[in-house]
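Number of protein chains: 4
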Amino acid sequence: MPGERSPNGGPTGCLQDYAYVCILFCMTYRVGVVGASGYTGAELLRLLAAHPEIEVGWVTAESNAGAAVADLYPSLGPAYGTLRYEAVDTSAFAGADAVFLALPHGESQRLVPALIGTVEHVVDLGADFRLPAAEYEKWYGEPHGAPDLLEHFAFGLVEIYRDEIHSRPHVANPGCYPTAASLALAPLLAAGVVERTGIVVDACSGVSGAGRSPKPMSLFSEANEQVSAYGLLSHRHTAEMEQALGRVAGAPVQVLFTPHLVPMTRGILATCYAKPSVDGLTTASLLDLYRDQYDGEAFVVVVDEPSGTKATTGSNAVHVTVRYDGRTGTVLAIAAEDNLVKGAAGQAIQNANLLLGLPEAHGLTAVGLAP
Amino acid sequence: MPGERSPNGGPTGCLQDYAYVCILFCMTYRVGVVGASGYTGAELLRLLAAHPEIEVGWVTAESNAGAAVADLYPSLGPAYGTLRYEAVDTSAFAGADAVFLALPHGESQRLVPALIGTVEHVVDLGADFRLPAAEYEKWYGEPHGAPDLLEHFAFGLVEIYRDEIHSRPHVANPGCYPTAASLALAPLLAAGVVERTGIVVDACSGVSGAGRSPKPMSLFSEANEQVSAYGLLSHRHTAEMEQALGRVAGAPVQVLFTPHLVPMTRGILATCYAKPSVDGLTTASLLDLYRDQYDGEAFVVVVDEPSGTKATTGSNAVHVTVRYDGRTGTVLAIAAEDNLVKGAAGQAIQNANLLLGLPEAHGLTAVGLAP
Amino acid sequence: MPGERSPNGGPTGCLQDYAYVCILFCMTYRVGVVGASGYTGAELLRLLAAHPEIEVGWVTAESNAGAAVADLYPSLGPAYGTLRYEAVDTSAFAGADAVFLALPHGESQRLVPALIGTVEHVVDLGADFRLPAAEYEKWYGEPHGAPDLLEHFAFGLVEIYRDEIHSRPHVANPGCYPTAASLALAPLLAAGVVERTGIVVDACSGVSGAGRSPKPMSLFSEANEQVSAYGLLSHRHTAEMEQALGRVAGAPVQVLFTPHLVPMTRGILATCYAKPSVDGLTTASLLDLYRDQYDGEAFVVVVDEPSGTKATTGSNAVHVTVRYDGRTGTVLAIAAEDNLVKGAAGQAIQNANLLLGLPEAHGLTAVGLAP
Amino acid sequence: MPGERSPNGGPTGCLQDYAYVCILFCMTYRVGVVGASGYTGAELLRLLAAHPEIEVGWVTAESNAGAAVADLYPSLGPAYGTLRYEAVDTSAFAGADAVFLALPHGESQRLVPALIGTVEHVVDLGADFRLPAAEYEKWYGEPHGAPDLLEHFAFGLVEIYRDEIHSRPHVANPGCYPTAASLALAPLLAAGVVERTGIVVDACSGVSGAGRSPKPMSLFSEANEQVSAYGLLSHRHTAEMEQALGRVAGAPVQVLFTPHLVPMTRGILATCYAKPSVDGLTTASLLDLYRDQYDGEAFVVVVDEPSGTKATTGSNAVHVTVRYDGRTGTVLAIAAEDNLVKGAAGQAIQNANLLLGLPEAHGLTAVGLAP
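Respectively, the protein sequence lines represent chains A, B, C and D.
Residues 0 to 370 (numbering that gives the first Met the number 0) are what the first sequence spells out, left to right.
Residues 0 to 370 (numbering that gives the first Met the number 0) are what the second sequence spells out, left to right.
Residues 0 to 370 (numbering that gives the first Met the number 0) are what the third sequence spells out, left to right.
Residues 0 to 370 (numbering that gives the first Met the number 0) are what the fourth sequence spells out, left to right.
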């Protein structure tokens, strides 16, 4: 029966309740995707093809301008047929309801000044508007090119910054690692049950995180049958973790972050260690804490047993669990996500939904592709 | 605007046009899935979670009865929450609009006699009702247990048997390899441009095709960094290919089929060779033939350059291309699919849509998950 | 020229110097492998096929008794031709110079009492003789079945226990994770520059570590495109790490160990965290410390940039590096190894070489198979 | 006992018999490797590190000149320590006993004219000297740059061209696919039991075959979870297959070759189809034929059941099997190899052994790395 909630009607792409209302009120928003030939851009196209109220009107690419979307991504052919990448031209987006930027860091800050006069909402998936200017310079080794515009961007880690996202016109979508690590640790710091120093985030990422530009470390023959640590002590995503966790803690937080590359395409698993700051913790009480904090969240799944990354493939879900180890006096928190979805394009759409006034979970699913 | 066809509004899960109508007329059908703890069963649950008009009312499993769906498949937790597998009991399905059977061969023929008195439609994903009794005995080495019921089942290779599916109450969903190979070769045999003997199908499959029951050949450490041929000369899916291609040819067809196991989870690529029976073939004329034959098909994508399997991951699409080699006098046809979707659960839902009178593409997408 | 040391004449299988001497003095030792159908047993056979002075006289297996080695491992066919697995019979090993036991934990302690009267040297690759009886009972949940024999076994982590190995007739070969983690951390604890508590070992292992017995988590379709943590807080290898590191520290050491399964067949990467106990550490000084401590070791390779696991595939090498993070006050140490070689069969042969009075590196290589 | 043949003394790296003789007579030959930073070059270095009578004196690379071998290949660090790649300078090889060229096609023909005045033996692993000038131009689309030198090169498919290799100073090492396919089919054509037209070679290769230069199709995220066909109808290796098989047949042979890329690093599986030209074939008689033809070959392993590629990883072995299908009248032959060893660097060393007068199997193993 229409409008009846099915038992399996979680936050999938087709909420019947919403469809019921939609017929009367809903709009189709038209958006552009800049940098749509990279993996993050292609994932935006994949997800938007299933979005009931957003349609893609413009796709741009730099080196691939002129190519058909379906040539680079045959997977997208059935939805985007003959659509071709155009060269970037910010004035062309006049009339767009929103524009997604999926660009290497440093490029958004050059485009945004012109763009925000033309389009109402920008969701930047790059690093340019995530950090205060001083922090940006410290971690990226160059001064920020548009510091005055930073205040127009909310940091789009939705479950932590939802209020701020509602109050600003644009969003800086967070990095893949910071999303997983921050959601793993946030309840602990919000509740003040762990120390704000001595936190370790040890994470594994699939190779798609390195993007589509050919680099030796991204070659199949290099990455296959290999686990390697990289960016020791200095990975730039550290700053975003400290920013998000500092916000929930209400005071500075220090994180040591070690990323690893593992032989899979998608997925991030963040295994996090922290020192208790209070007595009497138990695994059961921590799991309760997590369930309370994430109550009502469509995309955070608190699990008793640690999920692997495959639980989240292709979905916007983050699975989290937590343990207290009395023997060594350590709290262990683990999060799994798809780096291209909740870690990039999916969260960007979650943010766009908020900016456009749509239901936050609209067009997104929490159901993963497994096996 | 509601009801306006978006340029990217292909056969995704959420057709806005349909939603417009749906509000007035649509029904929710309740179905059961028998054998829902295997990979094919789990894939049915994944796809049905996104289906706007089918909801899952019953899930059964043999050895896993009592377990929660989310324990075996954390990926399904967000949609199926606390749902648990029950032991199989055909009488429990009274009132089901349809039942999907995802069982090892030999088991459906024991359940179906009791089941078809209780439920209106059965979609059997196993091998039991795909072949005439004599063929079944020849390839499976044992007499068929319910030969009288075979006439109630259409062979569910939709693009070839659509008329028959409309005229029978139940469907025997075809095997994964026969779906790919038959759709690769059918236009050639329908047009009578190749010989009906001397056909070779050389195919590669991901390991999920071997199912979830632990077998040495399915172990990661055995299947990884390995390509191997198996079932030489005698794979049972040969019979289904010869059946489907014989039907379009209107005369017996003979196929030599060599399957290979490759180190990926999902996907089948069928590379097929046939001898021309007419003069004057060209690659261009053959591509035209394919485009004509598959015109209007939501899930068959005719491509100029051969797609790999990743173009189809998670989707119900089959990508096909064709070549004529004047040098050796050979026609080469290639098809790519996701063995668990178009090769199993997706096509089963395509069939169920037909049986229930829903739009054939309902709840299914042709857009693949890549990278 | 014979006897001339080639510039690339590292610890490979064929030292020309040694061959020069060998002609005059060398012996061929005959050994047995119990449990030779598992992955560790098969790796022993692979490595021993290249050993210039050890030949395999007996191979036994339980469920695979009667099968040819080449049926289970076609890779070994060229060396072992028609050799078949026999059922285990300890009396059959009379005359063996050494016997390797590659069995699930609990089984060696039943065989060893009869065996050590018959053969001179036992190298047990299982867990039975690695820990004191009380520790064994604590971590394995059952009393030890042959506590009196423990004193005859040295813990075979060669670089740490070499003296003890020389003084005892038998060796308990260490686990795969403890080998990597202990060699990563040992120089720090030996030098007393880190605290003995608050140590975290976060490690990733290939799936071969789970063995050849089919289990769901070892299936390709489960392990592929997946990273997952397991054995949270309680993995049994923790005890071996604490034992080895406690020995070099000269006082108890406490470790929190989190293993992860990653989609590759071979390899372990251990990323380890410790708190400095002294001032003035730098990365450079720590790298010097490591080079000093491992000076002369044939199989420990100290590297400036962290090696991935592929650097060690098929070889007996462990690559280690170390960092000091002044920002968070943490020492980071990383080790890579092949879990089946230095983590199992290779180290077992290294131990057997010591027991038999052969050069420690004999028949082993430190050169990895890459890409 | 020294000199006694061990039961496992197959063609491993360390033949004790040979060592016995070696002390009296053996020499160390010094060789150079040009293009040693690519995968084929690195594999030469890996294998030569274990060769008892060849040492590497020179390594060159173009874009990587100046880098240490160990920086690009940490796996080779233990053998090559501080050795650095130099820029190519043919005069520098004066005094080399042999030089291996591991270069993209087109480059060897520019180097060889200068080189063969300086060094006694060249083993070219590229395509430049494999085909007659006319065939080269036809398949590579450009005239050959040094046609006069072609007669100095034997086609180094050892098992077929051994006599010719003995009679010429230089060798053109065959391609990876032609080695597997030709060894799979040669006995059939030598015995004249199949037609010389209508032959199909359908092969799967690991991604290392595409080399170390970054290309989109070689990226992990593109190649993983993907099987794709490429080079349809026109792959250049077709010419080498037709050349080698034409030689054993004594008359022209025509092959249709379809290569596929599969998600593994190493390995080629060639599945080949041919039409019988005589009556009365059986699988048993064909297996006998293969065993006869390959009797005494150290690296061709004739197996009853088809081996997968993993049987050959890291080794110089080719595993072959054959079937006769009476139902469709087809002969099926399958070969598995490691594309970087028997398909490239291993066979190059096999050839160098012949050129230098060493035992053909010297320094090579037929034992594979599995799992």
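Just so you know, the hints here were simulated from the structure itself, not pulled from any lab data.
Only a predicted model underlies this, so the values are computations on that prediction, with no experimental measurement involved.
Some clues are possibly wrong.
Chain copies aren't distinguished; within one or between two, either way the pair holds.
With a cut-off of at most 25 Å between alpha-carbon atoms, the simulated SDA-like pairs for lysine to any residue come out as follows [to be verified]:
#1 Lys214 - Ala66
#2 Lys274 - Gly328
#3 Lys214 - Glu106
#4 Lys137 - Thr281
#5 Lys137 - Gly325
#6 Lys214 - Asp70
#7 Lys214 - Leu231
#8 Lys137 - Leu149
#9 Lys274 - Leu355
#10 Lys274 - Gly230
#11 Lys137 - Gly328
#12 Lys137 - Arg326
#13 Lys214 - Leu71
#14 Lys137 - Tyr229
#15 Lys214 - Thr89
#16 Lys137 - Thr327
#17 Lys274 - Glu194
#18 Lys274 - Gly356
#19 Lys214 - Glu141
#20 Lys214 - Pro131
#21 Lys274 - Gly245
#22 Lys274 - Leu232
#23 Lys137 - Gly191
#24 Lys137 - Leu148
#25 Lys214 - Gly191
#26 Lys214 - Gly56
#27 Lys214 - Gly116
#28 Lys137 - Arg109
Going through the hints against the structure:
In this homomeric assembly, Lys214 and Ala66 come within 25 Å of each other (Cα to Cα) both inside a single copy, at 22 Å, and across copies, at 17 Å. In this assembly of identical chains, the alpha carbons of Lys274 and Gly328 lie at most 25 Å apart whether taken from the same copy (7 Å) or from different copies (14 Å). In this assembly of identical chains, Lys214 and Glu106 lie within 25 Å of each other by CA distance both inside one copy and across copies; the values are 20 Å within and 24 Å between. For the homomeric pair Lys137 and Thr281, the shortest alpha-carbon distance between copies (21 Å) is at most 25 Å, but the shortest distance inside one copy (38 Å) is not.
Taking the shortest Cα distances, Lys137 and Gly325 sit within 25 Å of each other only across copies (16 Å), while inside one copy they are farther apart (38 Å). Within a single copy, Lys214 and Asp70 get their C-alpha atoms as close as 21 Å, and across copies as close as 16 Å, so both meet the 25 Å cut-off. Taking the shortest alpha-carbon separations for Lys214 and Leu231, only the intra-copy value of 19 Å comes in at or below 25 Å, while the best inter-copy value is 27 Å. Taking the shortest alpha-carbon separations for Lys137 and Leu149, only the intra-copy value of 16 Å comes in at or below 25 Å, while the best inter-copy value is 56 Å.
In this homomeric assembly, Lys274 and Leu355 never come within 25 Å of each other (Cα to Cα): the closest approach is 40 Å inside a single copy and 48 Å across copies. Taking identical chains as interchangeable, the C-alpha atoms of Lys274 and Gly230 lie at most 25 Å apart whether they share a chain (24 Å) or sit on different chains (20 Å). Proximity of Lys137 and Gly328 under a CA criterion of 25 Å is satisfied inter-copy only: 19 Å between copies versus 33 Å inside one chain copy. For the homomeric pair Lys137 and Arg326, the shortest alpha-carbon distance between copies (13 Å) is at most 25 Å, but the shortest distance inside one copy (38 Å) is not.
Taking the shortest alpha-carbon separations for Lys214 and Leu71, both the intra-copy value of 18 Å and the inter-copy value of 13 Å come in at or below 25 Å. Proximity of Lys137 and Tyr229 under a CA criterion of 25 Å is satisfied intra-copy only: 19 Å inside one chain copy versus 37 Å between copies. Neither within a single protomer nor between protomers do Lys214 and Thr89 lie at most 25 Å apart by alpha-carbon distance, with minima of 29 Å and 30 Å respectively. Proximity of Lys137 and Thr327 under a CA criterion of 25 Å is satisfied inter-copy only: 16 Å between copies versus 35 Å inside one chain copy.
Proximity of Lys274 and Glu194 under a CA criterion of 25 Å is satisfied in both settings, with 6 Å inside one chain copy and 15 Å between copies. Within a single copy, Lys274 and Gly356 get their C-alpha atoms no closer than 40 Å, and across copies no closer than 48 Å, so neither meets the 25 Å cut-off. In this assembly of identical chains, Lys214 and Glu141 lie within 25 Å of each other by CA distance solely inside one copy; the values are 23 Å within and 30 Å between copies. When the C-alpha separation of Lys214 and Pro131 is checked against a cutoff of 25 Å, the pair qualifies neither within a copy, at 30 Å, nor between copies, at 37 Å.
Taking identical chains as interchangeable, the C-alpha atoms of Lys274 and Gly245 lie at most 25 Å apart whether they share a chain (16 Å) or sit on different chains (23 Å). In this assembly of identical chains, the alpha carbons of Lys274 and Leu232 lie at most 25 Å apart whether taken from the same copy (19 Å) or from different copies (15 Å). In this assembly of identical chains, Lys137 and Gly191 lie within 25 Å of each other by CA distance neither inside one copy nor across copies; the values are 28 Å within and 34 Å between. Taking the closest pair of Cα atoms, Lys137 and Leu148 come within 25 Å of each other only inside a single copy of the chain (18 Å); across copies the shortest separation is 60 Å, beyond that limit.
Proximity of Lys214 and Gly191 under a CA criterion of 25 Å is satisfied in neither setting, with 42 Å inside one chain copy and 40 Å between copies. Taking the closest pair of Cα atoms, Lys214 and Gly56 never come within 25 Å of each other, the shortest separation being 31 Å inside a single copy and 30 Å across copies. In the homo-oligomer, the alpha carbons of Lys214 and Gly116 never lie at most 25 Å apart, since the shortest distance is 36 Å inside one protomer and 38 Å across protomers. For the identical chains of this complex, Lys137 and Arg109 are intra-copy neighbours only, at 19 Å inside a copy versus 50 Å across copies, given an alpha-carbon limit of 25 Å.
Hints 9, 15, 18, 20, 23, 25, 26 and 27, counting from the list given before, are not met by this structure.
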